[in-house]
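Residue numbers (my numbering), protein chains in the order written: chain A, 1 to 365; chain B, 366 to 730.
Quick caveat, the hints were computed from the structure, so don't treat them as lab data. Nothing here was measured: the structure is a model prediction, and the numbers come from that model. Mixed in with the good hints there might be a few duds.
[As the list claims (entries may be wrong)] Residues from chain A that keep clear of chain B, each with C-beta distances beyond 10 angstroms, as calculated: (1) 72; (2) 168; (3) 202; (4) 256; (5) 259; (6) 307; (7) 323; (8) 362.
[Unchecked claim] Listed below are several chain A residues computed to face chain B (Cβ distance under 8 angstroms; list not exhaustive): (9) 23; (10) 26; (11) 90; (12) 166; (13) 170; (14) 265; (15) 286; (16) 296; (17) 299; (18) 303; (19) 304.
Note that CB positions come from ideal geometry on N, CA and C, so glycine has one too.
2 protein chains.
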Amino acid sequence: MRKLIPFFLALVFNSALAQAQSLSQSLENARMKQQPASNAPRTAIKPVLVIHGGAGTILKKNMSPEKERAYMEALKAALEKGYSILKNGGSSLDAVEAAVNVMEDDPLFNAGKGAVFTHEGKNELDASIMNGRTLAAGAVAGVTTIRNPITAARAVMEKSSHVMMTGRGAEEFAKQQGLTIVDPSYFYTEDRWQGLQRVKKQDSMKTELDHGNKPTSGLRQPENRDSKYGTVGAVALDAQGNLAAATSTGGMTNKRFGRVGDSPIIGAGTYADNNTCAVSCTGWGEYFILLVMAKTVSDMMEFGHFSLEKATNEMVMKRLGALGGDGGLIAVDKDGHIAMPFNTEGMYRGYIDKDGKVTIKIYKD
Amino acid sequence: MRKLIPFFLALVFNSALAQAQSLSQSLENARMKQQPASNAPRTAIKPVLVIHGGAGTILKKNMSPEKERAYMEALKAALEKGYSILKNGGSSLDAVEAAVNVMEDDPLFNAGKGAVFTHEGKNELDASIMNGRTLAAGAVAGVTTIRNPITAARAVMEKSSHVMMTGRGAEEFAKQQGLTIVDPSYFYTEDRWQGLQRVKKQDSMKTELDHGNKPTSGLRQPENRDSKYGTVGAVALDAQGNLAAATSTGGMTNKRFGRVGDSPIIGAGTYADNNTCAVSCTGWGEYFILLVMAKTVSDMMEFGHFSLEKATNEMVMKRLGALGGDGGLIAVDKDGHIAMPFNTEGMYRGYIDKDGKVTIKIYKD
């Protein structure tokens, strides 16, 4: 009987909220019906946070010491922000959102402020987030006025009956939800603007290479700042044993035709399931979509009983490359194991493990 | 040596095409490197085609004999069109596109002509297609001027370096590719317009029910024509043993905020892999996205060694319902086995099996 009280309370509470019930709440109810909340104290779990700031042709020889330090510090700031939430018993969902917010606000990364430009000279942002406890998820694609797309993705997840919203409709929803709306010029950075001009020039000069047998694209370009791709993301395990994943991006420099990559696609760029793992991807989005990268890692663990390490290696180091794609991902499993494989020259990445140890890396080991 | 000739020819051919190389061609090259084409005669495979025209509250008592006959005939026409291609040695890709085209052009189905209306009174169409041989895929979302969205999805797959294009950008691309562009008024049908008015009225009256604990949504409404959802799709196995899947939809009546469902999401509404199966989904899209429905069926087969029947039943009859979602899917595996599970009252569906036998159904068995 005692165990049923929170269940009935939840029903009453949800009935009161019924008029505004979101998909997230429906999932919560579905979950409660199957596993009514227990009052039993849980074993304390040591939280883990992993982040990335994009994978690509990141070579030490092309990086100035100042720039390297700036990236290391930015990654550290994002890790510390997210981990402070986890350390204080906060949720993995809050932690991944907070960590991604820090990177969205930092012009060093291709997400939020600092996003790359489309062919038409605009900044069109994509993001997605997923709650591994309930399987609730939210995503926005092609938005131009929302300061923090990951926060909009979370609002879609928690305040609407939808999972994915696009373009102006998504912007209208974010505005209604009281999120910070900015003029599109907020996203302008001189660096990215020059990047667009360079890529446009290179694309017209090197079309053959860029679309050739061995595609070179931005990822294989010699300068870091010329990377066509880039994404930020975070995955976390909290003290309650709940997993969450978040990914945010400006997409691909010079993208056209309303192109959407893997970042806002649940299953491709982002997935989280308490039964397996949480995953956030970065790289050549098209290949991540075809492979349904994040969910396949989870499925390898669930149905093939692969370890996190084996599953992520199989996907990133074997299957991705075999198709001709490149990039990387970060992942944490339900036991706190961490994986960060990539098949590019480098990936901005870092984690705080179960023992609270901070590790930040840019290049290959 | 003889075996290498087609390989070298392909390289030369692709080199000539390099300037315009699409992702689809890159995937073809990647595949050739791993498994050079063989001249060895293949065992003749008997082709299979399966289609659906949407799942929902489809009850015999609400269906007039005329309407029932119209649906049966429309499904038959789509099956015959697709199967005639397969029978003549054509590809599964051509077959699924052709079958979906027939349903897109038929106002009975919520795809192409006959699409439902958004909250703003527009028709916004989504579609995706996938080639199980190469894993190439294409998708369009939120398009309003492309007569056959599945054909646009195929053009994205075969003529661009992207997988997913949205909105006006996708329309611009389709126009450049010479696809049939129509005035948005082409998609207007009186039936769907009245459907929007009814749903708007019902939504304002029954918000509590629609968003309550036991969501009723369009799928559970008593009249067929009031279904909020609906999708068309096709999956096929051709005589070369290649699988393909295609899905096209007008989405959800009264949808807002640029909502995108599962139909244009590779992995959710559509997936095909020659190693496992081809899947096309219909139903409450949000749940299909969270479950990454189509790819999970494939992964259960690949990593868990489930049969097609076991995998599709587990996903549709157990997991989908457990989360509170509903709908169905059609699938064919590499050996020609067919599955068509749904947890709604009915699903417009049909197939032509290995023996050429035609079966068309609407209600539960």
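For the hint on residue 166/A, does the least C-beta distance to chain B fall short of 8 angstroms? holds (4 angstroms)
Hint check: is the beta carbon of residue 26/A less than 8 angstroms from a beta carbon of chain B? holds (5 angstroms)
Return the status of the interface hint for residue 170/A: holds when the least beta-carbon distance to chain B is below 8 angstroms, violated otherwise. This interface hint holds because 5 angstroms falls under the 8 angstroms limit.
With 10 angstroms as the threshold, tell me whether residue 259/A passes as away from chain B on beta-carbon distances. violated (5 angstroms)
In terms of Cβ atoms, is chain B entirely out of 10 angstroms range of residue 168/A? Per Cβ check, residue 168/A is inside 10 angstroms of chain B; nearest 7 angstroms; violated.
So, as I understand it, the hint says residue 23/A touches chain B; can you test that by seeing if any CB pair is closer than 8 angstroms? holds (5 angstroms)
Is it correct that the beta-carbon of residue 202/A has no partner in chain B closer than or equal to 10 angstroms? At roughly 15 angstroms from the nearest Cβ of chain B, residue 202/A sits farther out than 10 angstroms, so the non-interface label holds.
Does residue 303/A pass the interface hint, meaning its C-beta sits closer than 8 angstroms to a C-beta of chain B? Interface hint status for residue 303/A: holds (3 angstroms vs cutoff 8 angstroms).
When the least beta-carbon distance from residue 265/A to chain B is tested against 8 angstroms, hint result: holds (6 angstroms)
Do the numbers back the hint for residue 90/A, that is, is its least Cβ distance to chain B under 8 angstroms? With a minimum Cβ separation of about 23 angstroms from chain B (threshold 8 angstroms), the hint on residue 90/A is violated.
For residue 362/A, is the shortest CB-to-CB distance to chain B above 10 angstroms, so the non-interface label stands? Residue 362/A is indeed farther than 10 angstroms from all Cβ atoms of chain B, at 28 angstroms.
Looking at residue 72/A again, its CB stays over 10 angstroms from all of chain B? holds (33 angstroms)
When held up to the earlier numbered hints, the structure conflicts with 2, 4, 5, 7, 11 and fits the remainder.
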